[in-house]
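K.L.:
Start from chain A and add chains B, C and D according to the hints.
Listed below, chain by chain, are the residues.
4 protein chains.
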Amino acid sequence: MFNSVSVKNFNYLKVIVSLCICLTVFPHIIYGETKPRARDLGIPFEGSPGALNAITDVAGVEVGHTTLIAEKGSSETDRGPVRTGVTVVFPQGRESYNGVAAARFVLNGAGELTGSEFVDEFGVLFGPIAITNTLSVGVVRDAIIEWYRDHAPDPLLLLSRSLPTVGETWDGELNDIYGFHIKKTHVFSALDNAKTGPVAEGNVGGGTGMTAYQFKAGIGTSSRIVSTETGRFTVGVLVQANYGWRHQLIIAGVPVGKEITDLMPSEGAQKKHDGSIIIVIATDAPLLPFQLKRVAKRASMGLARNGSIANDTSGDIFIAFSTANSVSPDFSKPGISSFSFIPHEAIDPVFSATIEATEEAIINALIAAETMTGMNGMTFHAIPHDRLRAVLKK
Amino acid sequence: MFNSVSVKNFNYLKVIVSLCICLTVFPHIIYGETKPRARDLGIPFEGSPGALNAITDVAGVEVGHTTLIAEKGSSETDRGPVRTGVTVVFPQGRESYNGVAAARFVLNGAGELTGSEFVDEFGVLFGPIAITNTLSVGVVRDAIIEWYRDHAPDPLLLLSRSLPTVGETWDGELNDIYGFHIKKTHVFSALDNAKTGPVAEGNVGGGTGMTAYQFKAGIGTSSRIVSTETGRFTVGVLVQANYGWRHQLIIAGVPVGKEITDLMPSEGAQKKHDGSIIIVIATDAPLLPFQLKRVAKRASMGLARNGSIANDTSGDIFIAFSTANSVSPDFSKPGISSFSFIPHEAIDPVFSATIEATEEAIINALIAAETMTGMNGMTFHAIPHDRLRAVLKK
Amino acid sequence: MFNSVSVKNFNYLKVIVSLCICLTVFPHIIYGETKPRARDLGIPFEGSPGALNAITDVAGVEVGHTTLIAEKGSSETDRGPVRTGVTVVFPQGRESYNGVAAARFVLNGAGELTGSEFVDEFGVLFGPIAITNTLSVGVVRDAIIEWYRDHAPDPLLLLSRSLPTVGETWDGELNDIYGFHIKKTHVFSALDNAKTGPVAEGNVGGGTGMTAYQFKAGIGTSSRIVSTETGRFTVGVLVQANYGWRHQLIIAGVPVGKEITDLMPSEGAQKKHDGSIIIVIATDAPLLPFQLKRVAKRASMGLARNGSIANDTSGDIFIAFSTANSVSPDFSKPGISSFSFIPHEAIDPVFSATIEATEEAIINALIAAETMTGMNGMTFHAIPHDRLRAVLKK
Amino acid sequence: MFNSVSVKNFNYLKVIVSLCICLTVFPHIIYGETKPRARDLGIPFEGSPGALNAITDVAGVEVGHTTLIAEKGSSETDRGPVRTGVTVVFPQGRESYNGVAAARFVLNGAGELTGSEFVDEFGVLFGPIAITNTLSVGVVRDAIIEWYRDHAPDPLLLLSRSLPTVGETWDGELNDIYGFHIKKTHVFSALDNAKTGPVAEGNVGGGTGMTAYQFKAGIGTSSRIVSTETGRFTVGVLVQANYGWRHQLIIAGVPVGKEITDLMPSEGAQKKHDGSIIIVIATDAPLLPFQLKRVAKRASMGLARNGSIANDTSGDIFIAFSTANSVSPDFSKPGISSFSFIPHEAIDPVFSATIEATEEAIINALIAAETMTGMNGMTFHAIPHDRLRAVLKK
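Protein chains in written order, with this note's numbering: chain A, 35 to 428; chain B, 35 to 428; chain C, 35 to 428; chain D, 35 to 428.
No false leads were mixed into what you were given.
For identical chains, the list gives no copy identity; a pair is met inside one copy or between any two copies.
Taking lysine-lysine and the DSS-like style, the derived pairs with C-alpha atoms no more than 27 angstroms apart in a straight line are: (1) K218 - K106; (2) K427 - K292; (3) K428 - K292; (4) K428 - K69.
Honestly, the hints are just simulated from the structure, not real lab data.
Okay, chain A solo, but in the shape it has when bound (with noise of 0.2 angstroms):
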């Protein structure tokens, strides 16, 4: 359907992709200063967010995403309709072929994170991290080492010490997921219009066809400044999320899933595939790859926080890495290298910014979808912002 083939009748899928893309790229030009956030309605948070409350927050990070919607029948092959797409994180933007200290934690492995087994062995991340739909995760994999191919200084290098990290969650209640409809160009797209900067939320990205408590959801994402006596640090965090059921919900405390008991997916959506959360969590401050799964597991108390009890067919995944620990691909030449690391009086604060951080991020990503409908008709609604304000007063 999004081939480079070019067709007559696809002008309104065109259009479509375009202001897809445009929305994707240049979210803070259309709708950047008027879209609230969760900490816009008020709704209260611990700790200090960065400039940009985003994962972008630490420096060098970089963020892409390609969104995919279309419906069916705007393509040759009758599928549809498309409610997908893809997200990239570079821990040192794209054009760093350096890897970072990283490591990673599964909450509930009900889904997958190529590329794990490196990092858990080499306590080191090479390339992006992308989010996708669990479906086309292997095209998204096959992509990244295809766009390595045609870029990488060295791609025999970066291969030896790395495959790609690819995560996924489940939007086949929205989108045609079985019609495979990520290709490898819209991956190439997402890693080459990576940017800092604002990061868009809720309905784009691989966060496109995303639901949570079974509200419309998607990308989410937060950032922590935390100063300690050792230095000050930034704890940035990007969530894909989309699990949980309604009477789950816990925002800063209260269970508004028990108070907001309508506005429910449309009949056959509900019983489906309870979903899964991907959250990635980006920090400056120098830990060592096993000091960084302490972090990622501390995602799993934010998560606790907003009511989730990692169900049973959730994919939980975690994964954390730290920009102030970077070494080259090459580093089979000789010579001794060295990784930094805080002290504990420095740790706790990072761990509680990890909680805070992934804790708005979600809600982040609850407050910034919007209403979607998609495969068989079925929609699922955006949180509404005035009464969730509401439930919060109370």
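P.N.:
Chains B, C and D alone, transformed into the frame defined by chain A:
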């Protein structure tokens, strides 16, 4: 100090010890009816507790405490004061030498749980779980072996399948922990007195000198009944709570620690080691060892709901077992065995129950604990029930 | 190149591909009788193999290979040469959509095994294990999903319990790995042709372009029958061997690699990436998931006996399953299931069998492989059978 | 028996104990020159050992043994015979209270290594590693804490970063293990006498009553020097070997256990518990904690080369540390630290060295051990050096 050697001027001590044992063994007689628990104060918790709202709601589970409270100078060693003890949990009662399917999860490993390797490797827990102070783990462990030697039908067989499971938290702020006051006889006493029925909470057993959120804490317990299409199951939790800072305390979603900022421990105490929590989860739901690991992980999420961040130097170690899957230590004899397990439809309710019972058990520990003065005259205060009620009402 | 698009001058290619498929599907007809295996050369191995001395001695196991061999210029892409393929192992045959108890162990994680998180979390493996070259993991994974979509009675159910399990090793020394020559149709072919009976070894399937100890290697298999008081069990192993340096090679305790020091790969090849090994262990012995992890660990010890040190950049990933413990993907429906397990008296024989069959399967891969020339004219030689025999006689 | 209480007729015992201590502390004086080690018998091993071919070739490492040998009736308890002890390994000498980067690996977990959780969580090992008999782990652990209390500059600080690391194997076939003969004073003695220089092997320290492959075994050690472009590093290994069946024994690739089938332990002994091995790996190569886990895993491969299958009830637990990465227990004070690490070109040599030194240390334990008679008159024979030489020559 507590040796069997009789010494003349130990009468004072004897009275105290007798009183402790009395309180420990018959708590329901002495103060059971009148001492309120968390839900008696109107604190809202989700889910349905069992008859006792205790780990002993899981049929067969027995709990024993030895509580040691004595002042400095009351023994020949001239060490003290003593504010410590040991708590034991037998999955199938103290007369059973069979094992149960089990697994553990370490949220933060600044602690100890001996015997873990066997549990990890065989997926089975034999003997009791014991919890004591950090420095007495060795004596408790060796005492359990001695007790096996003197009681078990085939100690060698038992010890080729397991080693004692002993956890700890640090009571050195109130207790003369370097005095090594726990002796083998105290362990035997806890083992011999383990029983079903109500479980004493607060300043008892291993929890005697423990504190949490800078209030006095200790042992707490709770349970949940889950009804599924597959059957009705019980989940019971027992905690030895000894962690956290005041500002972190959340109860039922309310940041209580930011409301009650006085009643802090006396000078000096608040800067110490930030503690640990051991969480024991029992269930009669049939679960395989790796599924019990999943259950143990959920304890993290209950803990998170009370505001914990799993501080850097905290030993947050959880162990879960299923009494539905039992094996004889003689599992080397020919023949195929089997373990049963619930379907996925029933697992989420067990996960929720674990989170809810963990959350409540911790609050029960706080509510039951009483103000205590110990080492260097330091005092940790009980959380004031009336003020807590007032804060929650707001 | 292997597209369905018909192009005139592709006849040469077609002949090669047809021949490959023929060799792959009917190896026992074409060269089965005459091609010697390791024990035919008189190499001593411990234990008793099954009838086929192959993983397919475990009842129900089916293996399929697609072998791709073509020269540069034989396709429209002008890329090549092609020396690659894919091998699939179905635990219970390609028509079963049930899962089997399973676990994996990572000896060295410089590799990939997608789908691992599900196996870790649920202790169950659904669908085939596929093994291919490093850069084609994505397409193989997505192809398996597409095959599920078109064949499985309930693809959504299956995908809520599992994601495809795809491993890899690097064939880029002989194969134009960056050409991405494996297409979905090749994967479908391997899946559709999987069968019981003898298993082709050496330069076939995923092993087509693989090398070990700087000799040509690839796919190898072996099995053991263990007789215990509890019963008679079969352990089968299949490897894709692609690791190690010549001097490390030990066969039956003899340092063969120090005796046969010539027949090295042609200039340039020997300094590359030091490879990986995927080991699949099948058994009909009833084992719980965590016991299968113990079995998978023992593959390390068989590997060690052949001189491997699990080199730094090696992806040494092992997966074990038991066909005796099977579940329907519909394990969410109410009702209690069970998994059976052998007693301890029978586990050591299963451990020994795993070690022995791993050791022999690797040597079988070397013995079956034939000299191959590929990328940049590099040649990897088959280990010379006569000289090997002479070295072992010494 | 070994109490400080002086009793008249204990002179015989005193002589034995004095002799043991003498042999332990000054082995090189008494029999160091004349007692052959494995390579003195012409057994071929790969790689280059250090000056002492011992773990103490790693600068700073100190080893202490307490060996307890006494007959039944030689003490007031009327228990015995005593054939046990304790061995301690200080990574940086007994006067250092700093920690070293460390990690452990469990090949088979039917054993115990207390303190593991701290090592896993912080990646750092403080204090000594102690190895003793299975039932004395508790007293050894508590004794180390008491020794800290009396020697460490800040015991509380140390204990907030670590708990004692104590491993074990089972000597109950020769030793009256249920007699709990090890007392705190014996532990203090091993700690106080730890030193650099040659390490006594065989029937000493924790290895006193240990057996392997149904021969007498115990403590063994070995080392390797690796020269890389990055630098010259030492890897030292110390084992307490107590595992395996005769037919499994392989030495230098030769199935020795199938050649020497007599000299079996006397009636009854051969059917017991199949033992364990603790392996300590020291290196001065800079390695991060997770890299040390990789090193610890390689000990499995050295073990495999000697024929072990890691039997079902074996506690095969390995711990590795790097003296190049050291931290003060006061790592809570502000400021950034760092750990250094070697590049990949140097890691493979460290892996090989670990495998080789493990293989040799185990054989050294067998070669040094002397025939011993203990409990119920059971005798375990030393492996006969002349016959071993003859078998290897064949």
